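S.K.: Spelled out, the chains give:
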Amino acid sequence: MSDIVESTGPAEGGSRPGDGADHLDHVRPRGVAGTAGRGSTGGRWGTARGPRPRHLSWSGLGLAVPGIALTAVSPTVLPAPGWVCFLAFAAGLAVAYAGVARLCRGAFGGSFDLMFWLCLVWLVVLVLAALLAPVLPLGEYRDIAKTIEAPAMAPPALFSEHPLGTNNFGLDLLARIVYGARASLLVSIGAVAIGMVVGGAIGILAGFFRRLTDTVVGVFTNSLLAVPPLILLIALGTVLEPNLRNIAIALSLLALPSMIRMARAGTLTFAQREFVLAAKAMGASRWRVMVRELLPNVLLPLASYGMVIVSVLIVAEASLSFLGLGIQPPDPSWGNMIAEGEGNAFQDHPHIVLVPGVTLFLTVFAFNLIGEKARKRWDPRQAKL
Amino acid sequence: MSQSPLPADTRPPAGDPAPLLVVDDLRTEIHTRRGDMKAVDGVSLTLNAGETLGIVGESGSGKSVLGRTIMGLYTTGATMTVSGRVLMDGTDIHALTDAGRRELWGSDVGMVFQDPMSALNPVKKIGLHLTESLRRHGGLSRAAARARAEELLRLVGIPEPGRRLGQYPHELSGGMRQRVVIAMALANGPKLLIADEPTTALDVTVQKQILDLLGRLQAELGMAIILVSHNLQVVAGRANRVAVMYAGRIVELADADALFAAPRHPYTEALLSAVPRLHHPPHSRLEAIDGSPPDMVAPPQGCRFAPRCRYAGDDCRQVSPRLLSEAGGDAARAFACHHPVRPVNAGGS
Amino acid sequence: MARGVLKRLAEIAVVLFVVSVGTFALVDLTPGDPAITVLGEGHTPAEYAALREEMGLNDPFLVRYGSWLGSALQGDLGASLIPPNSDVAERIAAALPVSAEVAVLGLVMALVVSVPLAMWSAYHADGRVDRIISAGTFGVLSVPSFLAGLLIIMVFSNQLGWFPRAEWVRLGEGLGGNLYHAFLPALTIALAETAMFTRILRGDLITTLQEDFILAAKAKGMPAARVLFSDALRPSSFSLITLLGISLGRLIGSTVIVEYLFALPGMGTLIIGSADKGDFPMVQGAVLVIALIYVLANALIDLSYGYLDPRIRRAHV
Chain A
1 MSDIVESTGP AEGGSRPGDG ADHLDHVRPR GVAGTAGRGS TGGRWGTARG PRPRHLSWSG
61 LGLAVPGIAL TAVSPTVLPA PGWVCFLAFA AGLAVAYAGV ARLCRGAFGG SFDLMFWLCL
121 VWLVVLVLAA LLAPVLPLGE YRDIAKTIEA PAMAPPALFS EHPLGTNNFG LDLLARIVYG
181 ARASLLVSIG AVAIGMVVGG AIGILAGFFR RLTDTVVGVF TNSLLAVPPL ILLIALGTVL
241 EPNLRNIAIA LSLLALPSMI RMARAGTLTF AQREFVLAAK AMGASRWRVM VRELLPNVLL
301 PLASYGMVIV SVLIVAEASL SFLGLGIQPP DPSWGNMIAE GEGNAFQDHP HIVLVPGVTL
361 FLTVFAFNLI GEKARKRWDP RQAKL
Chain B
1 MSQSPLPADT RPPAGDPAPL LVVDDLRTEI HTRRGDMKAV DGVSLTLNAG ETLGIVGESG
61 SGKSVLGRTI MGLYTTGATM TVSGRVLMDG TDIHALTDAG RRELWGSDVG MVFQDPMSAL
121 NPVKKIGLHL TESLRRHGGL SRAAARARAE ELLRLVGIPE PGRRLGQYPH ELSGGMRQRV
181 VIAMALANGP KLLIADEPTT ALDVTVQKQI LDLLGRLQAE LGMAIILVSH NLQVVAGRAN
241 RVAVMYAGRI VELADADALF AAPRHPYTEA LLSAVPRLHH PPHSRLEAID GSPPDMVAPP
301 QGCRFAPRCR YAGDDCRQVS PRLLSEAGGD AARAFACHHP VRPVNAGGS
Chain C
1 MARGVLKRLA EIAVVLFVVS VGTFALVDLT PGDPAITVLG EGHTPAEYAA LREEMGLNDP
61 FLVRYGSWLG SALQGDLGAS LIPPNSDVAE RIAAALPVSA EVAVLGLVMA LVVSVPLAMW
121 SAYHADGRVD RIISAGTFGV LSVPSFLAGL LIIMVFSNQL GWFPRAEWVR LGEGLGGNLY
181 HAFLPALTIA LAETAMFTRI LRGDLITTLQ EDFILAAKAK GMPAARVLFS DALRPSSFSL
241 ITLLGISLGR LIGSTVIVEY LFALPGMGTL IIGSADKGDF PMVQGAVLVI ALIYVLANAL
301 IDLSYGYLDP RIRRAHV
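Chains as they are written, first to last, in our numbering: chain A, 1 to 385; chain B, 1 to 349; chain C, 1 to 317.
To be clear, the hints were calculated from the coordinates, so they are not data collected in a lab.
Among the clues, some could well be false.
In silico contact screen, one side only, chain B against chain C (beta carbon under 7 Å); selected entries [unchecked claim]:
id: 1; residue: Thr75
id: 2; residue: Arg102
id: 3; residue: Gly106
id: 4; residue: Ser133
Negatives, chain C to chain B, calculated, CB over 12 Å [stated by the list, open to error]:
id: 5; residue: Gly66
id: 6; residue: Leu215
id: 7; residue: Met222
What you are looking at is a predicted structure, and each value in this text was computed from that prediction instead of being measured.
Even glycine gets a Cβ: it sits at the ideal position worked out from N, Cα and C.
Throw the hints in and build the complete structure from the sequences for me.
M.R.: Structure below.
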């Protein structure tokens with residue numbers, strides 16, 4: 001049906017059903033009609049077609065209220081074995097999500113993406129908590145001497161002194177999560193910053209001078225890529241003192257090769273453009289050309305890649321700390337908190353693993369989802385991959 | 001100006017045997033995100049065994065969709081609603097099960113695609129393209145299928161057929177690839193061949209070879225052909241009858257000679273005057289058709305060509321004309337127009 | 001083709017050389033004294049000086065690198081610093097098969113699950129099942145492998161008690177026992193890989209299914225399953241090979257973590273344990289061997305891609 005499809009514009013690359021997070025917004029596809037269809041193309045068009053006025057979705061309300069109730073009740077007062085509570089909790093969450101999503105679509109329009117906003121809210125809360133950690137009314141997160149009195153391995157209880165429970169030394173898990181977020185975000189964002197500055201500079205130099213510089217940089221990049229990321233981190237962890245600065249530097253090496261390549265490619269492209277040639281013709285020095293003309297153009301793709309790779313670096317840091325080669329206890333990191341629960345502890349006290357585990361999952365998920373969404377909006381071509 | 005109340009497709013089969021293909025009020029709605037697009041909107045036609053029917057229209061007129069809907073063949077993932085009947089030898093193709101249709105495809109009906117580059121799987125050898133169909137429908141052994149495949153390649157004029165069987169599509173030229181596609185369609189001796197823009201993607205010199213090949217094969221094998229093209233010249237001299245499509249409907253259906261000699265629908269006239277002709281005086285202007293085809297999600301009321309038609313009156317914008325034969329005129333000829341173009345021999349327009 | 005291979009080999013040699021200098025320098029130039037690691041507390045200055053001399057720590061950098069590389073090329077990666085000072089190369093040779101087995105098993109599991117999943121998803125794109133699969137794979141990709149491993153242990157070993165945790169049966173001691181013990185580690189590795197493969201293959205298949213040659217195959221009356229496998233999957237399987245190359249680094253990383261989690265006697269446990277104790281020669285050797293395997297595997301994948309895909313093969317010949 002090529003001629004028809006041409007005339008109306010096919011499903012454009014960026015939003016073809018082939019790519020990701022689209023399918024997380026729970027929009028019903030249009031029902032398949034007739035003898036022909038096999039699934040419908042593009043689930044979301046179905047609701048986008050009829051622009052309905054803003055309204056209160058009663059079905060949404062009907063789902064949201066019992067869902068939230070079930071979610072709230074299941075872990076606290078439901079008299080049932082653990083796994084039943086867990087299943088009830090998960091089911092309540094799913095129902096509540098479906099209901100709230102409908103309510104929001106009714107209130108804010110059919111294209112409202114609840115998951116995206118939830119992720120955004122989570123990240124904002126996380127960053128704020130990490131920034132404000134010292135002034136927040138949190139329990140003791142580090143000094144074991146101060147928690148001798150406190151209960152050890154207390155399970156989470158939302159309205160108690162320790163909302164998320166305590167670890168084996170009686171340290172408050174909520175406080176440790178928040179301080180862990182501080183370390184985790186600081187290290188990964190620091191690593192991205194280092195990667196951008198160093199990688200951007202090397203890439204621009206390589207792209208600008210070409211010849212030997214380019215070759216040397218190429219060999220360097222390939223060599224960095226020749227060691228699998230985690231192995232590289234472990235090797236560095238062996239010899240470096242495990243403090244925040246060193247970990248950030250080690251992590252930045254993971255971001256470096258791509259940063260260099262992107263900066264180099266951007267420089268090669270832009271160096272041929274008229275405005276760069278014009279600047280050269282006007283007698284601008286090489287440094288001026290690089291800093292004033294090339295850098296601003298190369299920076300944007302680097303920054304967007306930085307956004308995407310933050311979640312990878314968070315996982316890398318957590319893995320390293322989990323293996324005992326990253327942030328060292330008693331300083332909290334999500335990775336070493338999870339490691340505390342390893343062994344027999346987490347059979348009896350699953351919250352030791354689950355609290356930091358769920359936090360880590362939610363954070364990585366939020367970064368991934370927002371990254372995917374951003375990539376799809378700004379780079380439909382790449383989103384196809 | 002009066003037209004007979006009989007729709008063209010129900011005219012009595014004047015002494016002919018039962019037609020090979022009867023299409024009755026076929027409608028195809030493709031569901032897109034903007035709404036339902038009426039790609040084919042009430043098409044009826046018949047095709048006799050061994051006959052060639054040309055379907056001509058601009059891109060977007062629904063002619064390719066028509067070709068595929070007749071077969072009941074759709075791209076995976078496309079959602080559409082199809083209504084109407086397609087009788088092939090008396091069986092309703094659309095009433096068949098998927099399995100039943102698959103028995104028909106590749107045996108009784110063959111299809112030639114527009115772009116031979118994309119119609120051949122790049123990672124499968126030419127031989128496999130041909131033999132898998134032969135083995136499925138003919139139940140041939142591996143060796144017999146291979147021998148037959150070689151024969152087929154020879155039939156469509158490919159030199160060194162034995163060597164070609166072991167090659168991949170990209171190792172062949174465009175014209176050769178289209179010959180392979182034709183050989184694929186012919187593999188099991190179909191009664192009907194649907195050729196969807198078979199020459200559009202090819203070089204001009206190759207176009208004629210392919211069309212001549214189709215003509216020769218038809219003479220040798222005696223199948224009916226539906227030749228879909230946006231190009232009137234492709235159809236001219238090769239089709240017995242021509243259906244001109246505009247915006248999902250047939251606007252004129254006539255014997256090829258009559259249609260080219262004296263178009264009755266203003267759209268046909270406009271199409272013909274957009275084609276350069278040898279007997280035109282040099283430097284005479286080619287007329288382009290003003291405007292663009294209508295949006296098929298929300299087509300205009302009345303005659304769909306009216307917004308671009310120089311003869312259109314108020315009635316055209318109100319009432320949709322039906323495809324009818326002119327009373328007392330050529331019974332084999334029908335058009336859908338309130339203000340048809342007068343035949344030249346009847347006094348000019 | 002031969003020229004391409006030669007060029008590629010030269011590149012590999014250069015990269016491996018740089019990696020070897022890097023790993024050597026990393027250990028050699030950083031603060032911390034291998035002699036002290038060996039001697040431990042309570043040694044005399046004379047013992048210390050003698051050991052430094054014996055270990056060649058007083059030689060210039062290039063000399064030390066040269067002698068290290070010379071023996072490394074002969075398969076001698078030195079001795080561990082930690083008693084019983086075993087031979088690095090021997091330890092690696094013993095650990096490598098375990099890692100390879102778990103990684104390959106995980107990969108196979110991922111392929112076995114993801115190919116049908118992706119095909120179903122692509123064929124019923126945007127259907128209910130497809131959306132569940134898409135959401136599920138997206139979620140799984142956000143679970144770090146060490147967390148996934150812990151959860152798997154929690155459920156299958158601790159709660160259900162179906163599988164052991166910290167045991168290993170070598171392949172030589174019986175296939176059944178070996179597979180039984182390798183199952184959970186392989187499952188952990190397979191999880192993330194499955195999600196990744198499914199997502200990419202699904203996207204690829206959806207594009208392929210729109211192609212004319214799929215329609216042409218249908219028009220020949222080929223059964224749907226055959227169209228899906230023979231016509232759609234074949235071209236997409238080449239993207240799978242590329243994908244394999246991309247995911248190799250992650251695969252090695254998760255193998256290391258999984259071995260540590262399940263206490264398997266593989267490369268991961270070896271390298272992490274040595275890193276913990278500051279056993280530099282062991283880490284050095286292991287990193288070098290892993291880099292070697294990684295680089296060669298990547299090159300192999302590249303070349304096989306060029307060889308297998310007829311569209312590219314022509315360009316090489």
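S.K.: Does each hint hold? Answer for all of them.
M.R.: Hints, one by one, checked against the model:
1. Thr75: Hint holds; Thr75 of chain B Cβ to chain C Cβ min 6 Å, cut 7 Å.
2. Arg102: holds (4 Å)
3. Gly106: Interface hint status for Gly106 of chain B: holds (3 Å vs cutoff 7 Å).
4. Ser133: holds (4 Å)
5. Gly66: holds (49 Å)
6. Leu215: violated (6 Å)
7. Met222: violated (6 Å)
Checked against the numbered hints above, the structure violates hints 6, 7; every other hint is satisfied.
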